[in-house]
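Visitor: Residue numbers (full-length UniProt numbering), protein chains in the order written: chain A, 1 to 349; chain B, 1 to 349.
Careful, some of the hints might be misleading.
Since the list gives no way to pick one copy over another, a pair counts as held whenever it fits inside one copy or between any two copies.
[To be verified] Below, simulated BS3-like cross-link-like pairs (lysine-lysine); rule was C-alpha separation at most 25 Å, straight line:
1. Lys-201 x Lys-233
2. Lys-211 x Lys-178
3. Lys-152 x Lys-298
4. Lys-234 x Lys-101
5. Lys-27 x Lys-121
6. Lys-27 x Lys-227
7. Lys-101 x Lys-233
8. Lys-234 x Lys-216
Honestly, the hints are just simulated from the structure, not real lab data.
Next come the chains, spelled out residue by residue.
There are 2 protein chains.
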Amino acid sequence: MSQVKAYGAQDKDADLKQIDIERREVKDKDVKIQITYCGVCHSDIHTVRNDWGGSKYPVVPGHEIIGKVVEVGNQVSNFKEGDLVGVGCMVDSCRECDPCKNDLEQFCENGMVGTYNGKDKHLGGHTFGGYSEMIVVEEHFVLSIPKNLDEKAVAPLLCAGITTYSPLRHWNVQEGDKVGVIGLGGLGHMGIKLAHAMGAKVVMITTSPKKAEDAKRLGADEVLISKDEEAMKKHANSFDFLLNTVPVKHDINPYLALLKIDATMVMVGAIEPLEPMHGGSLIMGRKRVAGSLIGGIKETQEMLDFCGEHNVVSDVEVIDMQNINDAYERVVNSDVKYRFVIDMESLRN
Amino acid sequence: MSQVKAYGAQDKDADLKQIDIERREVKDKDVKIQITYCGVCHSDIHTVRNDWGGSKYPVVPGHEIIGKVVEVGNQVSNFKEGDLVGVGCMVDSCRECDPCKNDLEQFCENGMVGTYNGKDKHLGGHTFGGYSEMIVVEEHFVLSIPKNLDEKAVAPLLCAGITTYSPLRHWNVQEGDKVGVIGLGGLGHMGIKLAHAMGAKVVMITTSPKKAEDAKRLGADEVLISKDEEAMKKHANSFDFLLNTVPVKHDINPYLALLKIDATMVMVGAIEPLEPMHGGSLIMGRKRVAGSLIGGIKETQEMLDFCGEHNVVSDVEVIDMQNINDAYERVVNSDVKYRFVIDMESLRN
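Chain A extracted, bound-state conformation (with noise of 0.2 Å):
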């Protein structure tokens, strides 16, 4: 065991500090991971306020964690000192059960281990995130990154990236498709930067109309005014697939409406109980809603290669791990373009 410095929060109504926390020894097939960036994620806020209910104290938010291997286990393989990596919102799972072995590690019947605020199989209590100047993880669950991305703007794919690649993939978006991507924030301006590079007829669909001139930048081909009825019925059944990005309670339907016969929305951002939806906006058109969480960790690797390929990052805002509590009232306000991310090397100094 070490000692390494992180920012933490002692209780749901306390601003983070920095704190120190304990890192396991290196085993067999750890990866030690000096942090040098870690993105900020509202999940972040919502587990240090516990929105959600089930957060340990102290929390140590972060899992979108890039860094330089610093030590690696007898039987890693993959990995060596001075590579960068990175890691996600998983560092474990049981690796037997069938979403396990079919690379689904996120819907791990025993439970993924998530990057914080999860069960700590090693040091028992619960795991600590990429607030911290260090941080060990087993090999499975460390992902390469492509050299030619700018490390900083890489940290956010790692779950915002992931999160949209994973359903856009998973549903087949092909070159062509019309896609709507709901919502632009953290997750939408990933999936219209995804969408785009898959090819797709790029439509971002957003209640305010601030936001087309950025989408275009972004690399939306169109944007739609989802409070403009009229523009609304324009795009009524032409869309092959929608992913909703929209992170609080709203109304699925005229979404829904949106799409072909036969094609499919993707919520990845709500988890919480949405407006009532029509039976009918299903049925006309046997159209269907789906949820999409994260990515299983070779999805990830994936992810991260297109993005090398396609030189696709995150518009991030860096800041120091000094200003985090400034950054959560920002990404509360929605005032960010689109990521923070801390550069880690302001806990060190």
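Dock chain B against the given chain A, drawing on the hints supplied.
Guide: Just chain B now, kept in the frame of chain A:
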């Protein structure tokens, strides 16, 4: 044009009474059918009572029609006088749009013509359904009835049968799959029979323990009482497919918890707003909810042929036309096992 006897309602509060309606002359592609039996669908009642709005009076309901061909047009090739035939929920569509060309007439972009309450292209006004002596329908919308089946028990296949067969087939239910049928009414009882005939392991899911015995008689391997939280927990994440036939507003979240990863629940009953769905119910396990509406004409013929091969018909209670108003009360009170069928001879007498 010829006048025929029918039963219709003059306004939303009126009982059904005998009235005279007009049927068109037989055109080149038309088949004239002397109706022998007509099933009673809950939609008939909704339309008579204008529950969904848009009812045109007089309403002559009935879209589960069985009868004998008595005359065919010059260009009719598939039917001849004396054939036993059926007519379901549609009597026309544009035949030119993509859905029509892909055998999905129910989703015709120019609007399929309902067997009743649709726009009558020939006589003007609106279409009149099967609660009548006679109907004239274009050949494409006329179905062949397998000779080995009891014709009166076939009538409900034209709506309840295809409504449940189509999603079971479209979502590719296979032998050995664990299929849940939610709700035991007209649709649910056909869902059980059809899924059983496809070789699925069928679980009847109902709020009502007293339906258990009947469900097993119909072909269910097991009955799951949805109010029994322990039992629901035992079946969590275990279903390959769910067919939801509940016709009213309800909470779908407990059913979504029953689905395996990537599995789908298809709604065929409720066309109204449901209780709020939780985004998390879909996101955890990449689950799906979809809708399905009757089926195209080609698939309806396939369903009838399948029922012929597997000797599947509806459980019916045969009534005289004169008893229709009492029957409606019993349908509304779920007091029928499982479909009323009108013996149309009673109208002719």
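Visitor: Each hint: holds or not?
Guide: We went through each hint and held it up to the structure:
no.: 1; hint: Lys-201 x Lys-233; in the structure: within (19 Å within a copy, 43 Å between copies)
no.: 2; hint: Lys-211 x Lys-178; in the structure: within (20 Å within a copy, 46 Å between copies)
no.: 3; hint: Lys-152 x Lys-298; in the structure: within (22 Å within a copy, 56 Å between copies)
no.: 4; hint: Lys-234 x Lys-101; in the structure: between (44 Å within a copy, 23 Å between copies)
no.: 5; hint: Lys-27 x Lys-121; in the structure: within (13 Å within a copy, 78 Å between copies)
no.: 6; hint: Lys-27 x Lys-227; in the structure: neither (55 Å within a copy, 48 Å between copies)
no.: 7; hint: Lys-101 x Lys-233; in the structure: between (44 Å within a copy, 24 Å between copies)
no.: 8; hint: Lys-234 x Lys-216; in the structure: within (20 Å within a copy, 49 Å between copies)
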